[in-house]
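Going down the list, the protein sequences come from chains A and B.
Read in full-length UniProt numbering, the first sequence has 64 at position 64, and its numbers run on one by one without any break.
Read in full-length UniProt numbering, the second sequence has 342 at position 342, and its numbers run on one by one without any break.
There may be inaccurate statements among the hints.
[To be verified] Chain B residues, not near chain A, derived (Cβ > 12 Å throughout): (1) L4; (2) H12; (3) T29; (4) M77; (5) L133; (6) M149; (7) V152; (8) V212; (9) R235; (10) L260; (11) K278; (12) G280; (13) W283; (14) A291; (15) G340; (16) I350.
[Claimed, not checked] Example chain A residues on the side facing chain B (calculated, C-beta under 7 Å, incomplete): (17) K27; (18) L55; (19) S56; (20) G81; (21) F133; (22) R144.
Honestly, the hints are just simulated from the structure, not real lab data.
All C-beta atoms in this analysis are idealised placements derived from N, C-alpha and C, irrespective of residue type, glycine included.
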Amino acid sequence: MNSTNDTKELISILEQSFDIKDFTTPKKNEISIVVDQNNVPTILTYLKDKGWKQLSLVTCIDWIEENKFELAYVLFNWTNGITFLVKTKIDRKNPEYISIIDIFPGARYYERDIHEFFGVKFEGNSDFEKPLFLELWDDKPPMRKDFDPLEYSKRKFPDRKYDVELSKNAVKEVIKEGEINERT
Amino acid sequence: MKELKLYLGPNHPGMHGNFSVHMYVDGDTIVRARPMPGMLHRGFEKLMERRLWMNNLALIPRICVPEPDINEMVYAMAIEELTGIEVPEKAHWIRMIILELARIANHLMSLGGIGGPVGLYTGPNWGLADRDLILDIFQEITGARIYHMYIVPGGVRKDLSEETIEKIKSFLDYLENRLPEYEDLILKNSLFQRRTKDKLLLPAEVVWELGVTGIGMRSAVGEAYDIRKVDPYARYDQVEFYVPTANYSDGYTRVYFKYLETFQSIKIIRQVLEKMPKKGKVWNKISSGSALRWRVPKGQVYTHIECTRGEYGYYMVSEGEDKPYRVAVRGASYPQGLLGVEKYLPGTRIEDAALWMETMGVCPPEIDR
Numbered sequence: 001m002n003s004t005n006d007t008k009e010l011i012s013i014l015e016q017s018f019d020i021k022d023f024t025t026p027k028k029n030e031i032s033i034v035v036d037q038n039n040v041p042t043i044l045t046y047l048k049d050k051g052w053k054q055l056s057l058v059t060c061i062d063w064i065e066e067n068k069f070e071l072a073y074v075l076f077n078w079t080n081g082i083t084f085l086v087k088t089k090i091d092r093k094n095p096e097y098i099s100i101i102d103i104f105p106g107a108r109y110y111e112r113d114i115h116e117f118f119g120v121k122f123e124g125n126s127d128f129e130k131p132l133f134l135e136l137w138d139d140k141p142p143m144r145k146d147f148d149p150l151e152y153s154k155r156k157f158p159d160r161k162y163d164v165e166l167s168k169n170a171v172k173e174v175i176k177e178g179e180i181n182e183r184t
Numbered sequence: 001m002k003e004l005k006l007y008l009g010p011n012h013p014g015m016h017g018n019f020s021v022h023m024y025v026d027g028d029t030i031v032r033a034r035p036m037p038g039m040l041h042r043g044f045e046k047l048m049e050r051r052l053w054m055n056n057l058a059l060i061p062r063i064c065v066p067e068p069d070i071n072e073m074v075y076a077m078a079i080e081e082l083t084g085i086e087v088p089e090k091a092h093w094i095r096m097i098i099l100e101l102a103r104i105a106n107h108l109m110s111l112g113g114i115g116g117p118v119g120l121y122t123g124p125n126w127g128l129a130d131r132d133l134i135l136d137i138f139q140e141i142t143g144a145r146i147y148h149m150y151i152v153p154g155g156v157r158k159d160l161s162e163e164t165i166e167k168i169k170s171f172l173d174y175l176e177n178r179l180p181e182y183e184d185l186i187l188k189n190s191l192f193q194r195r196t197k198d199k200l201l202l203p204a205e206v207v208w209e210l211g212v213t214g215i216g217m218r219s220a221v222g223e224a225y226d227i228r229k230v231d232p233y234a235r236y237d238q239v240e241f242y243v244p245t246a247n248y249s250d251g252y253t254r255v256y257f258k259y260l261e262t263f264q265s266i267k268i269i270r271q272v273l274e275k276m277p278k279k280g281k282v283w284n285k286i287s288s289g290s291a292l293r294w295r296v297p298k299g300q301v302y303t304h305i306e307c308t309r310g311e312y313g314y315y316m317v318s319e320g321e322d323k324p325y326r327v328a329v330r331g332a333s334y335p336q337g338l339l340g341v342e343k344y345l346p347g348t349r350i351e352d353a354a355l356w357m358e359t360m361g362v363c364p365p366e367i368d369r
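With the rest of the complex left out, here is chain A:
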């Protein structure tokens, strides 16, 4: 019971100090907030001090109709078991954002992952010199909604034509000629 009171207090502090656009509880023990993109590092630092010491996941969602990318940071508190989702939206055109590796060093490869699959650049995370997952990739980032894998694979791996055409009786003819032993 104590932990719920603590969380309520924490949320009221967050609401007072930051511009929180949306506050929901998607499930038991889970809090989700949508914040302005400039506030994310401050909020993550604040939550880390309050016990959300583990960064579980950083992920990206492509809202193509809104022309936005949504970044979601999942934090977990091991003492009270509450998951915190901090979400923010950034522009889809020339997507750039601030890296959080100073706060959570473990975010480094999540950011690289998002960079490769969505094309979001993270300022401060310099480790993009060589592709990690997608070597020799020559198309737009594949997890974007406007990337069509079927079209890509048809272009990249065109259907081959086979010159040899077997007639319907080909197998029988071979057997007749005695090249393959007929098993009856």
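Given chain A, put chain B in place with the hints provided.
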């Protein structure tokens, strides 16, 4: 001495899947290491966006090869949270049996499998033979040995029969007597002890820095940080079990913890079989119409469970359509498998690299998903 570049992998060196590490070595010591994932990338996250909710059931178990059931569980949990459907009481208990059997199977495989990198080849043979007995039970319950597609959103596919329950009970009795032999064979072996004791260390600061979870975290931090205890799902809050913890995480502790956790899983399954309701439904429909027309209400949710390597989670976004809008997978070994390899594999010796991977619990299929 001249620096050499060597490759670990991309076959399976102490792991379950194709993954490569480029190691720059000076003599026998690794100076720099570069993880090279991507050889097993099957594009699951993209595929899931293009398939029906029902279709995905056959796809998701393949994300993590040695322990497929956790995927079914998080997927089902996420959909249940979004639709708000109630899971029948009996289904919760059956799910726990499946998850714990899968945990034992995975622990047996890695307890035996540790024999590979240390050169104790009786280990893998024993481990796989005993794991096969669990696969037999799975086959009886679900019809499949590895990929079960048994835990579905809204419950489980089918009820357990009396004979299966008897079979599980006799298997647990067998395993409880059998496990001490593993201790004699592997954990007490002086070769194994010399290779792992006071080596392959994982200090607590590194755990927090990388975000390592599971056995690695619990053996270093000294707290019972297990999602089954901290944020219980299914009916884990109604069973008693003990989570081993320590303040010193070397290779030996982490392997020993797998051994200890297997006993706890046996204890959990015994309690489940006792407490499980005898009769009742095992599945509630999640949406009206046939399974091909399932729709999940709009929303975003993150669900997570404890797998053998740590926290395993799905971030799911639904737009109220017949397909998911986006699913992101949090593989349990992502932190130690990528940043961990880059930062903390250097300093170990070449022959310990595979052992490092195995005791840290790196599982490439969930990194390349």
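Hints versus structure:
no.	hint	result
1	L4	holds, 20 Å
2	H12	holds, 19 Å
3	T29	holds, 24 Å
4	M77	violated, 9 Å
5	L133	holds, 34 Å
6	M149	holds, 24 Å
7	V152	holds, 19 Å
8	V212	violated, 9 Å
9	R235	holds, 14 Å
10	L260	holds, 20 Å
11	K278	holds, 28 Å
12	G280	holds, 23 Å
13	W283	holds, 21 Å
14	A291	holds, 24 Å
15	G340	violated, 9 Å
16	I350	holds, 23 Å
17	K27	holds, 4 Å
18	L55	holds, 5 Å
19	S56	holds, 6 Å
20	G81	holds, 4 Å
21	F133	holds, 4 Å
22	R144	violated, 10 Å
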